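**Q** We have chain U already, so just place chains P and F on it with the hints.
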Amino acid sequence: MKKTFFLVLPFLFLWTSTTIASPVVSDKTQECLSCHAQVTPGIVADWEQSLHSRVTPEEGLEKPALKRRVSAKSVPGNLLKTVVGCAECHTLRPDTHKDTFDHNGHRIHIVVSPPDCSTCHPEEASQYSRNLMSHAYANLNDNPVYHGLVDQVNGTVTFTGGKIGITPPGEQTNADACFYCHGTVIGVSGMRERETAMGEMAFPVLSGWPNQGVGRINPDASKGSCTSCHARHQFSIKVARNPATCSQCHKGPDVPAYPVYLVSKHGNIYSSLGDTWNFTNVPWKIGADFTAPTCAVCHVSLLVAGEGDQPEVVAERSHQMNDRLAWRIFGLVYAHPHPLSPDTTVIRNKAGLPLPTELTGEPAASFLIDAGEQKNRTAKMKKICSNCHAGSWVDGHFARFEETIRVTNEMTLTATKILLSAWEKGLAKGLAQNDSIFNEPIERMWVEEWLFFANSTRFASAMAGADYGVFANGRWYLSKNIRRMHEWLDLALQRKEETKK
Amino acid sequence: MKKTFFLVLPFLFLWTSTTIASPVVSDKTQECLSCHAQVTPGIVADWEQSLHSRVTPEEGLEKPALKRRVSAKSVPGNLLKTVVGCAECHTLRPDTHKDTFDHNGHRIHIVVSPPDCSTCHPEEASQYSRNLMSHAYANLNDNPVYHGLVDQVNGTVTFTGGKIGITPPGEQTNADACFYCHGTVIGVSGMRERETAMGEMAFPVLSGWPNQGVGRINPDASKGSCTSCHARHQFSIKVARNPATCSQCHKGPDVPAYPVYLVSKHGNIYSSLGDTWNFTNVPWKIGADFTAPTCAVCHVSLLVAGEGDQPEVVAERSHQMNDRLAWRIFGLVYAHPHPLSPDTTVIRNKAGLPLPTELTGEPAASFLIDAGEQKNRTAKMKKICSNCHAGSWVDGHFARFEETIRVTNEMTLTATKILLSAWEKGLAKGLAQNDSIFNEPIERMWVEEWLFFANSTRFASAMAGADYGVFANGRWYLSKNIRRMHEWLDLALQRKEETKK
Amino acid sequence: MKKTFFLVLPFLFLWTSTTIASPVVSDKTQECLSCHAQVTPGIVADWEQSLHSRVTPEEGLEKPALKRRVSAKSVPGNLLKTVVGCAECHTLRPDTHKDTFDHNGHRIHIVVSPPDCSTCHPEEASQYSRNLMSHAYANLNDNPVYHGLVDQVNGTVTFTGGKIGITPPGEQTNADACFYCHGTVIGVSGMRERETAMGEMAFPVLSGWPNQGVGRINPDASKGSCTSCHARHQFSIKVARNPATCSQCHKGPDVPAYPVYLVSKHGNIYSSLGDTWNFTNVPWKIGADFTAPTCAVCHVSLLVAGEGDQPEVVAERSHQMNDRLAWRIFGLVYAHPHPLSPDTTVIRNKAGLPLPTELTGEPAASFLIDAGEQKNRTAKMKKICSNCHAGSWVDGHFARFEETIRVTNEMTLTATKILLSAWEKGLAKGLAQNDSIFNEPIERMWVEEWLFFANSTRFASAMAGADYGVFANGRWYLSKNIRRMHEWLDLALQRKEETKK
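Protein chains in written order, with the numbering used here: chain U, 1 to 501; chain P, 502 to 1002; chain F, 1003 to 1503.
Pulled out of the complex, with its shape left as it was, chain U reads as follows (with noise of 0.2 Å):
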């Protein structure tokens, strides 16, 4: 391979302030770059315009705390002095990989996970294993409610003899759909031949994959991907920063915080402005990076504030991301207090449904944060509005978002009534009959109270981007579905009541 591959340098040399020595590529690595560079050239040329590609650990190491990107406190020696590249990642930790072979004498792996990362960035990995994300596989698979809602979603609906049956989804479906985001099982099931342009190759054959989701359970048995968010192998902050990025999954109408984020002030500002900011410095200066917050400023990144060399720390890096968040207000059904645990299988409210509220509201409060921690984590981000923002104004903003919280709390358990009455009266089949509370079109109205119009309401009032509150997906559809569900009730009554006569 010619010695091509840093053509990009003097590029970059343009948008990074750090100066780079010339990189020292290990042997392992500079081995698969003389195949890979013409197999895959995208995978390597995304590479080489990486951070990865041109610091080591021990210069990475050397950095001032405020400055640092590796956590770690040490790197294992054989790591230290060579920048981080293909074999760096792919043949760490061999023996707890199950999609570990042997590939041209070298045994790597696939899917690199979250402790091959922690080796230099532990503490995101910690963090991250107190996401909600990082358990976002078993939280929807493994609670037998949620799961019901994935199979009456994604399951196939045929009509035989007058009559409506239902196929449960498949593994491709279910990976196609909700498992996309929340994450797929990666199994290994043996090897395969395959042609190459190297010749005759053997490679693992995985299923659930490929796959970015946030809780996917990767072949170490480990949970997340890194990658949902520094994605691919430029490992950008500056597109884990980008809002576009968490668009990824937040932008459907059950989490829209995404087309919320772009209407409120903050967005448009970023929109008209995000062209001159600054996306990769570390720490992440408020005002001087950029002039208003994307999603990373107010739930992920260390941000700092003031001048000279000593500038104030205003947030902490959290990967945890929920740490600055006193209300879950994605309602499954009402919006409650953040769960205790990431893992939310756990939680059995008093019926001994699996969910963190009551039918009727009341949360389960064993199981979540208590006020005084609520009120600890909504003074954290208030720290953060303030470098903006006067003490009046935000307190009327979270004012204005408690009220918004209760309100559509109130609305969904109306529908919640209304759903349940139809049980009671058989006109639906519910919970009693152990039928599935997701088929029928007045179970489906009552669904998207809660997940789509209350979820949407909340998302438009917590990030102030009102215009998707209230005709786009919000207040408009919240009080119309209560009416149409109320009109539904009125009709299937008076035809029960005529089929008596």
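Wrong hints could be hidden among the right ones.
Below 30 Å or equal to it, Euclidean Cα-Cα: the simulated DSS-like pairs (lysine-lysine) are [unchecked claim]:
| id | chain 1 | residue 1 | chain 2 | residue 2 |
| --- | --- | --- | --- | --- |
| 1 | P | K574 | P | K529 |
| 2 | U | K425 | P | K930 |
| 3 | F | K1503 | F | K1165 |
| 4 | P | K918 | F | K1165 |
Stretch-level coverage of chain U by chain P, calculated; a stretch enters the list once three of its residues show a Cβ under 8 Å from a Cβ in chain P [what the hints assert, rightly or not]:
| id | segment |
| --- | --- |
| 5 | 393-399 |
| 6 | 424-434 |
Just so you have them, the derived chain U footprint on chain P, three or more residues with Cβ under 8 Å [said to hold, decoys possible]:
| id | segment |
| --- | --- |
| 7 | 751-759 |
| 8 | 820-828 |
| 9 | 933-942 |
| 10 | 945-955 |
No lab work stands behind these hints, which were simulated from the structure alone.
These numbers were taken from a predicted model, which means no experiment stands behind them.
Built from N, CA and C at the ideal position, the CB exists for glycine as well.
**A** Chains P and F only, in chain U's frame:
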């Protein structure tokens, strides 16, 4: 405070062609900055990137007419020779602002209002006072019909004893919904002590705050908030001219200007090439500064074309924004010629309703601009189009648009006739029964016909973004919805007949 | 005219690496410019920023094969040595254009057509003639089934005497809706005098104008408009390659390629890093010029990879666009192998309907590509994917996609069975009654099942943008809609029984 707050200047020199002398900050503002650089560093950093922080009104007044951003003929002497900082705006006209309070020996107010801004920008403030937006609060709140819509959309719906009830929305809820864009009333109810980084201090207690709605009622009783578009303390013309800024209130299905723009050829080109355009030049030069219009190009900005120092003025700056619009395509209930007065609460149709048309579509002509004025406005708009399009193109576009107004109004009439029939036959309760005309499902269908589908179809036509006007939110629903309304009517009639038996 | 129209050139030197000699403008074009720099300054300024204004065909022909943007083997001598200006295109082939007219002593035509462009770009024009899009007008208008859909979507619905009627849409309405994208027929009906800045002049009267639809029928009877993607007079390859350009016609729920792309990881990366990519290089180099694909990467552009002067060609340029697509996932009514001919009006299924499948899903195989060609096309696409993804990733993706095609087709079949049952039982009027199959509410539900929900689910699968394919517009609705159709059927049956009593 160390003198570091102009560190960003070298960078700013790159994107502004203005030669800037060393900025003179007033003593008062220096005093503000001495604390606020630490207390609200984001605000200070944002302001440092503004023209306000670098140009004095005196310098602004000296510019040649076309390049001026200051429309005042003169500015009070005490403001002339320092840049426009904290104190310059937040201490103006202290006796007129109910939120004025003593703060470290100064009488400052929180909410800067259009009359404050008009110290230097009187033309813009005056134009804006003729903009429908400046009256957006009362036009919604004080119109009994529209107020009824707010109540039904935002109210809390209950279900008790098999019956639906509704609690009218509270002030917080309305501020979080319709009035987020229309503007709230900012009230002042005394003072409250608050712990700050500088010790305990007293601040005014504001209601309806925060808000940056276009028709905000300020503590000095004035209307509007310049910050709706000239956001935060950078007051960036780049932000005001960016279509994303308009999306704050114009993205939903009721006034979908932004999504329509994005799928129009204008929007395509903006999305592709906008990164190379100049968004800050005044005047704004067609072809040189941009090669496709944004919202501001057609509706607001001072436009020139041609060569040399004396380019031709294509369009005068307008903060009235509708002076090139013949039609108000935001149907209430029908599209109609623009109202004469920005205060639309004065309008009464022949039936005595506060609507710009009859329920059957005839315009309340005496409150609306006449055909001559419509022609004038269209001619002004066509003058802009004609810089990039030949006459046959422009005329063809407007002929098609007028046909779309006719057809969508006709579709609205059809939906209205179905609703009137439902009321008349006692299948729903409407005006005659003194019942809300926005609560029952059939009434909601009717509202969607005009507020969502007819409006969307018209916006798509006006701005040539047809993709939005067919399957996304337009003609498909416009025709489908009428079919569903008719089916509803048929079934309701049939049910009524059966009940009689 | 002063010689100022190349003032923008210094800036252009920054973003193009081409060394540009002093451009030679033909005398004829100079004559055009002498008026039009004042009359349509936006057009002139846009053109000045184009390559057309700076490169002669002769220079274009001299480039090495891979770098050529001119595909002609030779260009007529009179066009060789001047840049491509107004006169070069608008006076070509005057006798073939019905809109040719005398204008200041020249015979010019308004609508430049693909045969005009093919003077220098014959390969592209030829490829495009095999693109379904080039036949988009007749494929919609001359297919009686689809034409019936247009009539029902765009027609004016009336309500008189309790009965629904429909007036078919006029030409203006259709041009403002479906045919905005599909293309209109540009008709010429004589000349009209018009007052201009240069005095009174006569211009052709065009119908169906303006339009830039992909299958436009031009006054020279040719099909298509290059300006659909190569917009306006800058003919910017950056515009053509930008995903926003495709959004003009591919954002709605029927063909939601753009919203799906944006939530895919590809789109996330484009949104985050696209500002650092090179959108103008020819050939387009994977990894170096961009690090994630846009629409053009996978479907249109000449792609290379590797190092040095002889990079490997990964994909040939294609304006056919479907030559790497095995499936037409835009279901009509079902997803099916791509049609053999771009003229789909020739297709007849066994039932005699002009549809590519039976109503029950079996493909009209003789009009569609066979399994071998499907395999070839998928292999070509996989070759692109393989630059950045390993074989297991790529194969896994396509296996999942094919399963999604199977499942969504099955769901479409279920919806169709319910509709057929409704027709059969006399609950709605369909084919047998010679009634529109697109007017009644149950028929509209059926259309939404395949045109909106099945299509959206497939696009989300094909392009890995699952967020759009579940709650935004996919599987949630796919399953919910069938439940609602079934409820409708049940109620309609019950009602019929009761009426009999």
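**Q** If a hint holds in the structure, say so; if it does not, say that too.
**A** How the hints compare with the structure:
1. K574/P <-> K529/P: Holds. K574/P to K529/P sits at ~25 Å (cutoff 30 Å).
2. K425/U <-> K930/P: holds, 27 Å
3. K1503/F <-> K1165/F: holds, 25 Å
4. K918/P <-> K1165/F: Status holds; Cα separation ~11 Å.
5. 393-399: Check passed, 4 qualifying residues.
6. 424-434: The restraint on the segment 424-434 of chain U is violated, since only 0 of its residues have a Cβ under 8 Å from chain P and three are required.
7. 751-759: Holds, because 5 residues of the segment 751-759 of chain P bring their Cβ atoms closer than 8 Å to Cβ atoms of chain U.
8. 820-828: violated (count 0)
9. 933-942: It holds, with 3 qualifying residues against the three required.
10. 945-955: holds (count 3)
Comparing the model with each numbered hint stated earlier shows that hints 6 and 8 do not hold.
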